[in-house]
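Visitor: Sequence:
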Amino acid sequence: MSRDNRENFDARTLEELPSQPGGYQRDIFSRICLNMIRTGYHKWGFLKQSCHEELVKGRRAELLEKYLDWVIIEDRDKLENASRSDVRRHFYGWVSEQGLVKPPPRVIEQPDVTKLPRFRFCLYVDRQCLETVIQFQEADTGDRFFKSRLPPMVITVIDRCWTSDRTQGNVTMNDGGYPAIDGCDRKYVGWEYFNTVFVASVYNDLHGELDDYESYQRPPAIYPLGKKSMPS
Numbered sequence: 063m064s065r066d067n068r069e070n071f072d073a074r075t076l077e078e079l080p081s082q083p084g085g086y087q088r089d090i091f092s093r094i095c096l097n098m099i100r101t102g103y104h105k106w107g108f109l110k111q112s113c114h115e116e117l118v119k120g121r122r123a124e125l126l127e128k129y130l131d132w133v134i135i136e137d138r139d140k141l142e143n144a145s146r147s148d149v150r151r152h153f154y155g156w157v158s159e160q161g162l163v164k165p166p167p168r169v170i171e172q173p174d175v176t177k178l179p180r181f182r183f184c185l186y187v188d189r190q191c192l193e194t195v196i197q198f199q200e201a202d203t204g205d206r207f208f209k210s211r212l213p214p215m216v217i218t219v220i221d222r223c224w225t226s227d228r229t230q231g232n233v234t235m236n237d238g239g240y241p242a243i244d245g246c247d248r249k250y251v252g253w254e255y256f257n258t259v260f261v262a263s264v265y266n267d268l269h270g271e272l273d274d275y276e277s278y279q280r281p282p283a284i285y286p287l288g289k290k291s292m293p294s
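Residue numbers (the working numbering): 63 to 294.
Everything labelled a hint here was simulated from the structure, so no lab data went into it. Glycine is no exception: its CB is placed at the ideal position from the N, C-alpha and C atoms. Heads up, some of the hints might be wrong.
[Said to hold, decoys possible] DEER-style ranges, computed between Cβ atoms:
#1 S158 <-> F71: 34 to 40 angstroms
#2 D227 <-> A201: 39 to 45 angstroms
#3 L162 <-> K209: 35 to 41 angstroms
#4 P286 <-> S226: 23 to 29 angstroms
#5 K289 <-> E193: 16 to 22 angstroms
#6 G270 <-> I243: 21 to 27 angstroms
#7 L162 <-> D202: 38 to 44 angstroms
#8 I243 <-> Y154: 15 to 21 angstroms
Go ahead and model the full structure; you've got the sequences and the hints to work with.
Guide: Right under this line is the structure:
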């Protein structure tokens, strides 16, 4: 049986992995693997500890953890009390400094490195998010069986490419009439609250788009199900 038609969780290097989607039958991190192979860019990641726990469960810790690169941008002068728009501009500037090279026009086989989640989306932690960390810690007794019942630790994922007048490919995300957030009454507002428990699989899913019509949770609802909302 060829590697492309069976599970490949025994792989410990990218070279051992298949280069086509059909080779990843039950791999929840298939997009991370495939895009590292196709782009040649071998760094990824958001929150290190949460990523580690998910990678272990998904049987990809040994292969993917060595490529996990945690970038933290701390600039009190520019980011203290910054709005999401300010953070987006700051992130845009950081991306422009990375020396990324877009593929030539009409080169379909080569993915655009600038569209990888690492350079398309940033994590933003403001005081509200920090409060959720405190709430989690105060409620945590150390019993792993009750961890799923604890208050969520929340981060904000911001879409670098979003603008208030940008037409989304998913037309339902352009619907208006919602309560205004950052001056926008459309369903998609260019950012989303996430429970940090799911941060590694979120990175994998963001090889698509943040405005997925099935999974996007408009703030103040919290991903993944929107059953919990960010405290006001």
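Visitor: Would you mind marking each hint as holding or not holding in the structure?
Guide: Here is how each hint holds up against the structure:
no., hint, in the structure
1, S158 <-> F71: 34 to 40 angstroms, "37 angstroms, holds"
2, D227 <-> A201: 39 to 45 angstroms, "41 angstroms, holds"
3, L162 <-> K209: 35 to 41 angstroms, "37 angstroms, holds"
4, P286 <-> S226: 23 to 29 angstroms, "26 angstroms, holds"
5, K289 <-> E193: 16 to 22 angstroms, "19 angstroms, holds"
6, G270 <-> I243: 21 to 27 angstroms, "22 angstroms, holds"
7, L162 <-> D202: 38 to 44 angstroms, "39 angstroms, holds"
8, I243 <-> Y154: 15 to 21 angstroms, "20 angstroms, holds"
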